[in-house]
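Visitor: Protein chains in written order, with our numbering: chain A, 1 to 190; chain B, 1 to 190; chain C, 1 to 190; chain D, 1 to 190; chain E, 1 to 190; chain F, 1 to 190.
These aren't lab readings, by the way, just hints derived from the structure by calculation.
Copies of the same chain look alike in the list, so a pair counts if it fits in one copy or across any two.
With a straight-line Cα cutoff of 27 Å, these simulated DSS-like cross-link-like pairs (lysine-lysine) come out:
#: 1; residue 1: Lys46; residue 2: Lys131
#: 2; residue 1: Lys69; residue 2: Lys28
#: 3; residue 1: Lys148; residue 2: Lys46
#: 4; residue 1: Lys23; residue 2: Lys46
6 protein chains.
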Amino acid sequence: MPQPDRVSALGVPDPAGLDDDLKAIWAKCVEKLGFVPNVFNTYSLKPQRLRNFMQMYNEIMLSPSGLSKLEREMVAVVVSSANRCYYCLVAHGAAVRALSGDPELGEMMALNYRVATLDARQRAMLDFAWKLTTAPNLVDDADRDGLKAAGLTPEDIFDLSETVAFFNLSNRMASATDMMPNREYHRQTR
Amino acid sequence: MPQPDRVSALGVPDPAGLDDDLKAIWAKCVEKLGFVPNVFNTYSLKPQRLRNFMQMYNEIMLSPSGLSKLEREMVAVVVSSANRCYYCLVAHGAAVRALSGDPELGEMMALNYRVATLDARQRAMLDFAWKLTTAPNLVDDADRDGLKAAGLTPEDIFDLSETVAFFNLSNRMASATDMMPNREYHRQTR
Amino acid sequence: MPQPDRVSALGVPDPAGLDDDLKAIWAKCVEKLGFVPNVFNTYSLKPQRLRNFMQMYNEIMLSPSGLSKLEREMVAVVVSSANRCYYCLVAHGAAVRALSGDPELGEMMALNYRVATLDARQRAMLDFAWKLTTAPNLVDDADRDGLKAAGLTPEDIFDLSETVAFFNLSNRMASATDMMPNREYHRQTR
Amino acid sequence: MPQPDRVSALGVPDPAGLDDDLKAIWAKCVEKLGFVPNVFNTYSLKPQRLRNFMQMYNEIMLSPSGLSKLEREMVAVVVSSANRCYYCLVAHGAAVRALSGDPELGEMMALNYRVATLDARQRAMLDFAWKLTTAPNLVDDADRDGLKAAGLTPEDIFDLSETVAFFNLSNRMASATDMMPNREYHRQTR
Amino acid sequence: MPQPDRVSALGVPDPAGLDDDLKAIWAKCVEKLGFVPNVFNTYSLKPQRLRNFMQMYNEIMLSPSGLSKLEREMVAVVVSSANRCYYCLVAHGAAVRALSGDPELGEMMALNYRVATLDARQRAMLDFAWKLTTAPNLVDDADRDGLKAAGLTPEDIFDLSETVAFFNLSNRMASATDMMPNREYHRQTR
Amino acid sequence: MPQPDRVSALGVPDPAGLDDDLKAIWAKCVEKLGFVPNVFNTYSLKPQRLRNFMQMYNEIMLSPSGLSKLEREMVAVVVSSANRCYYCLVAHGAAVRALSGDPELGEMMALNYRVATLDARQRAMLDFAWKLTTAPNLVDDADRDGLKAAGLTPEDIFDLSETVAFFNLSNRMASATDMMPNREYHRQTR
Numbered sequence: 001m002p003q004p005d006r007v008s009a010l011g012v013p014d015p016a017g018l019d020d021d022l023k024a025i026w027a028k029c030v031e032k033l034g035f036v037p038n039v040f041n042t043y044s045l046k047p048q049r050l051r052n053f054m055q056m057y058n059e060i061m062l063s064p065s066g067l068s069k070l071e072r073e074m075v076a077v078v079v080s081s082a083n084r085c086y087y088c089l090v091a092h093g094a095a096v097r098a099l100s101g102d103p104e105l106g107e108m109m110a111l112n113y114r115v116a117t118l119d120a121r122q123r124a125m126l127d128f129a130w131k132l133t134t135a136p137n138l139v140d141d142a143d144r145d146g147l148k149a150a151g152l153t154p155e156d157i158f159d160l161s162e163t164v165a166f167f168n169l170s171n172r173m174a175s176a177t178d179m180m181p182n183r184e185y186h187r188q189t190r
Numbered sequence: 001m002p003q004p005d006r007v008s009a010l011g012v013p014d015p016a017g018l019d020d021d022l023k024a025i026w027a028k029c030v031e032k033l034g035f036v037p038n039v040f041n042t043y044s045l046k047p048q049r050l051r052n053f054m055q056m057y058n059e060i061m062l063s064p065s066g067l068s069k070l071e072r073e074m075v076a077v078v079v080s081s082a083n084r085c086y087y088c089l090v091a092h093g094a095a096v097r098a099l100s101g102d103p104e105l106g107e108m109m110a111l112n113y114r115v116a117t118l119d120a121r122q123r124a125m126l127d128f129a130w131k132l133t134t135a136p137n138l139v140d141d142a143d144r145d146g147l148k149a150a151g152l153t154p155e156d157i158f159d160l161s162e163t164v165a166f167f168n169l170s171n172r173m174a175s176a177t178d179m180m181p182n183r184e185y186h187r188q189t190r
Numbered sequence: 001m002p003q004p005d006r007v008s009a010l011g012v013p014d015p016a017g018l019d020d021d022l023k024a025i026w027a028k029c030v031e032k033l034g035f036v037p038n039v040f041n042t043y044s045l046k047p048q049r050l051r052n053f054m055q056m057y058n059e060i061m062l063s064p065s066g067l068s069k070l071e072r073e074m075v076a077v078v079v080s081s082a083n084r085c086y087y088c089l090v091a092h093g094a095a096v097r098a099l100s101g102d103p104e105l106g107e108m109m110a111l112n113y114r115v116a117t118l119d120a121r122q123r124a125m126l127d128f129a130w131k132l133t134t135a136p137n138l139v140d141d142a143d144r145d146g147l148k149a150a151g152l153t154p155e156d157i158f159d160l161s162e163t164v165a166f167f168n169l170s171n172r173m174a175s176a177t178d179m180m181p182n183r184e185y186h187r188q189t190r
Numbered sequence: 001m002p003q004p005d006r007v008s009a010l011g012v013p014d015p016a017g018l019d020d021d022l023k024a025i026w027a028k029c030v031e032k033l034g035f036v037p038n039v040f041n042t043y044s045l046k047p048q049r050l051r052n053f054m055q056m057y058n059e060i061m062l063s064p065s066g067l068s069k070l071e072r073e074m075v076a077v078v079v080s081s082a083n084r085c086y087y088c089l090v091a092h093g094a095a096v097r098a099l100s101g102d103p104e105l106g107e108m109m110a111l112n113y114r115v116a117t118l119d120a121r122q123r124a125m126l127d128f129a130w131k132l133t134t135a136p137n138l139v140d141d142a143d144r145d146g147l148k149a150a151g152l153t154p155e156d157i158f159d160l161s162e163t164v165a166f167f168n169l170s171n172r173m174a175s176a177t178d179m180m181p182n183r184e185y186h187r188q189t190r
Numbered sequence: 001m002p003q004p005d006r007v008s009a010l011g012v013p014d015p016a017g018l019d020d021d022l023k024a025i026w027a028k029c030v031e032k033l034g035f036v037p038n039v040f041n042t043y044s045l046k047p048q049r050l051r052n053f054m055q056m057y058n059e060i061m062l063s064p065s066g067l068s069k070l071e072r073e074m075v076a077v078v079v080s081s082a083n084r085c086y087y088c089l090v091a092h093g094a095a096v097r098a099l100s101g102d103p104e105l106g107e108m109m110a111l112n113y114r115v116a117t118l119d120a121r122q123r124a125m126l127d128f129a130w131k132l133t134t135a136p137n138l139v140d141d142a143d144r145d146g147l148k149a150a151g152l153t154p155e156d157i158f159d160l161s162e163t164v165a166f167f168n169l170s171n172r173m174a175s176a177t178d179m180m181p182n183r184e185y186h187r188q189t190r
Numbered sequence: 001m002p003q004p005d006r007v008s009a010l011g012v013p014d015p016a017g018l019d020d021d022l023k024a025i026w027a028k029c030v031e032k033l034g035f036v037p038n039v040f041n042t043y044s045l046k047p048q049r050l051r052n053f054m055q056m057y058n059e060i061m062l063s064p065s066g067l068s069k070l071e072r073e074m075v076a077v078v079v080s081s082a083n084r085c086y087y088c089l090v091a092h093g094a095a096v097r098a099l100s101g102d103p104e105l106g107e108m109m110a111l112n113y114r115v116a117t118l119d120a121r122q123r124a125m126l127d128f129a130w131k132l133t134t135a136p137n138l139v140d141d142a143d144r145d146g147l148k149a150a151g152l153t154p155e156d157i158f159d160l161s162e163t164v165a166f167f168n169l170s171n172r173m174a175s176a177t178d179m180m181p182n183r184e185y186h187r188q189t190r
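Sequences are here, hints too, so could you generate the full structure?
Guide: Printed below as a string of structure tokens:
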């Protein structure tokens with residue numbers, strides 16, 4: 001049975017009715033990506049929520065940080081793997097493939113990051129991401145000390161933690177709304 | 001052994017060095033609450049992250065919604081209970097007590113919401129919050145249909161989901177940084 | 001919705017019909033505490049069971065031991081936290097607050113004991129309590145050796161274990177009967 | 001490697017030094033069973049604790065109740081199976097075999113009670129025992145209503161619950177002390 | 001860091017030393033697939049084990065059955081998703097993509113099959129596969145009746161069960177030996 | 001209620017209709033064991049599947065290996081204990097009793113292997129079996145190194161892993177078909 005076209009179980013407003021700032025973003029997405037990511041379509045049900053989400057996303061994923069953009073995407077995918085979030089695994093798995101140029105790495109992050117050969121710093125970051133996602137109440141000084149021993153500064157730990165935290169938010173928005181990733185992601189950087 | 005004073009395991013910058021907009025917020029907190037919530041102190045390590053966090057928080061918890069402010073705080077506490085987040089249970093448990101005027105309700109939300117006597121709509125919201133927190137990959141149409149049957153509109157489901165999602169973010173920031181709640185919360189509305 | 005008055009889902013016999021020894025205990029409770037704890041009301045459905053429960057409780061929690069009364073109450077609350085037992089968290093959380101004079105410590109024990117700053121001996125006791133509660137089949141010599149290294153004698157380990165075991169009993173009686181704590185506990189030592 | 005003789009990891013006092021009431025019980029055990037159950041030997045480290053344990057045990061397992069003695073032993077074994085308690089599975093598995101005359105039933109209770117063919121009332125009791133043991137915080141009115149629909153009175157539910165609760169206590173004492181069952185149990189009623 | 005070439009943590013014998021029947025299979029694989037699947041390389045450490053594995057695999061996955069070959073591959077991937085088996089997700093994910101011609105379906109099976117739109121019969125098969133993998137002791141008549149209601153015969157249930165069982169075997173061989181999938185799979189049918 | 005006679009929920013074909021090779025095996029079982037194991041009766045629904053199963057079983061459990069036959073049966077029982085598989089615990093528990101001459105060891109393997117006194121090599125094998133069964137995705141080099149440190153060669157690790165893997169298959173076939181062990185096992189070597 002072919003998968004039907006769908007975006008969000010809560011419905012998506014007609015983009016023609018969006019405010020101008022959002023219309024401009026829609027146009028820019030089409031220009032740069034060829035499509036509007038469905039997380040935007042889904043969030044457009046509540047426009048101010050969408051603005052806040054994009055603002056936070058851009059700061060966490062794109063602003064200067066001790067973690068590279070690839071590392072932040074790797075963290076995003078590992079968190080989404082722990083939560084089995086289809087949308088984020090597809091969209092950010094594509095980002096790992098694109099930023100690393102290594103399709104195998106993207107699959108490893110999505111399916112079981114423990115099989116990947118990584119340097120100690122990245123492995124420590126991903127182990128922390130998994131634990132903070134699946135058992136946040138067990139995180140303690142030993143975990144933070146492990147990150148410091150692997151070379152992370154307090155600011156790096158903050159950025160790592162917020163990346164983990166943010167995808168725990170976005171994974172749940174995707175699951176709650178049955179958000180479907182745009183099909184274009186599947187073919188990227190294979 | 002008396003509990004030592006502490007705020008965040010990642011350290012807190014001197015507030016004297018904060019930007020003016022944040023200094024103004026600090027002053028307003030002291031004026032209205034008598035203290036600056038430690039989540040702000042913790043986040044001030046990265047000022048723009050703090051601004052985004054406050055903006056998202058205010059929209060989710062304080063803007064008009066089909067969920068009352070008390071209901072949103074109840075959801076916040078139930079999510080934090082599932083994640084056993086000390087900071088959020090203390091701070092938002094106080095909010096449930098204050099908004100409801102019912103200290104018993106606050107304790108029930110923090111310790112085991114299933115013992116509370118609630119109307120069907122609130123119970124459905126809290127069951128959804130628990131499931132979306134602990135097993136997001138299992139959420140499906142049956143869960144959304146249950147919320148609709150309890151009277152929630154798609155916009156209400158969006159707001160509920162984002163509240164759940166947001167506290168899954170903030171719980172993890174608190175656990176990752178060993179964030180300590182201000183002691184003033186403990187005595188409020190007992 | 002205000003929480004309704006209730007004690008036990010199995011019903012509570014009229015105290016006027018109790019045997020004289022129990023009536024005397026009821027009177028003493030009212031005199032000393034201002035109320036009869038609802039665990040007694042619940043158990044009065046089967047009077048001999050109540051007598052045995054009180055006898056075991058008094059020996060475990062009040063008789064001389066290498067563990068202080070406060071430490072035994074801390075263990076009681078941590079076990080009840082693992083089991084999310086509303087009755088015992090409310091009643092014994094109040095006891096931790098009263099015996100320690102530290103309301104913050106009571107909240108930490110109830111919500112996530114791992115955030116508390118404790119000496120190594122108490123931390124070892126609470127870690128053992130958590131493991132013996134949640135994964136008793138995994139307890140082995142390494143755990144007992146850890147307690148000995150923290151200074152506990154075999155008799156102390158016996159007392160610690162029986163405290164853990166007893167609250168695993170009482171937590172389940174409370175959950176099975178939907179036992180509600182007396183409201184007076186909520187306000188004590190805040 | 002043959003299994004070494006052992007009773008309790010906390011050590012067992014010389015029975016010659018026991019109080020007379022306990023010596024009399026030891027003698028009676030030898031007379032009736034051929035041996036002193038190791039739970040008594042283990043508990044004799046703290047004689048008053050032993051007395052309370054025996055008193056509670058006798059009331060729960062042997063006094064008149066709407067649950068037959070076999071049913072209470074079946075519950076004991078199912079709880080011990082959930083907790084994987086070696087001592088209680090061996091000792092009470094033997095009791096199920098003896099009371100039922102059906103060695104197969106004893107094995108089913110110990111290994112996976114769901115494979116047994118049981119009447120609806122017994123199956124409801126064992127399902128309740130499993131849930132109250134493994135997820136006590138999820139027990140609610142639906143569970144109690146299920147027991148009532150299967151014919152249990154409030155007093156029966158009390159007795160069932162206390163049996164479950166008691167073996168959650170004794171399983172943990174056995175695991176905490178590495179209590180070994182007497183070898184005589186293995187051969188009984190095979 | 002580029003992923004190093006590796007096949008099995010237990011080492012792989014020189015194929016030049018293989019028995020003739022296995023050499024013939026190696027040659028056929030190269031001819032038809034372009035490579036020898038690493039599961040064969042890994043198993044060649046014990047040649048007779050490899051023969052038995054191939055024989056069982058061919059019967060389960062390729063012989064006539066009420067389940068189509070695509071359905072059997074979908075079951076294989078869902079089992080491997082529950083077990084987070086990297087090798088089997090990569091190799092059999094490629095098979096789902098190839099047999100269905102639908103890359104999206106392959107991703108859904110690997111990442112979270114619950115998001116897929118499926119007919120009731122296939123959904124029932126995959127729900128059974130998940131439960132039999134993650135909680136085999138809870139499978140009971142209600143599960144088998146559900147399969148029958150969805151149209152499966154006893155023989156179909158046998159075939160479905162053996163497919164689930166077989167991938168629970170092969171997932172564990174892959175995890176135990178750190179078996180790496182051939183890189184060719186990643187690019188197939190994208 | 002006496003347990004009814006039953007073999008498999010999927011039904012068992014009349015043995016009179018079996019192929020001659022299987023009839024010969026049936027006759028040999030009756031001659032040597034006094035009965036046809038119900039796993040054969042269950043599998044006879046699909047004769048070629050049965051042949052493959054027997055072939056793999058014989059190779060894994062009976063062919064020369066660095067693991068003794070008793071050790072392989074101990075592994076079989078520990079895997080079946082983790083999966084709570086009634087059939088395999090009964091049938092292979094009997095095998096442990098028979099091969100070791102130690103009924104206590106059989107019970108320990110079935111109920112909680114951690115209570116057994118074992119040499120370091122056997123304990124390492126059983127710990128690996130438990131982990132590979134319950135959390136295969138977490139098995140990594142540290143686990144394999146532990147086995148090597150305990151004296152296992154790569155071939156031994158292969159054999160151990162395949163034994164674990166095979167019983168994860170057979171446990172699921174037993175649970176899926178509600179396979180009942182022949183009653184003769186219960187009385188053997190008690």
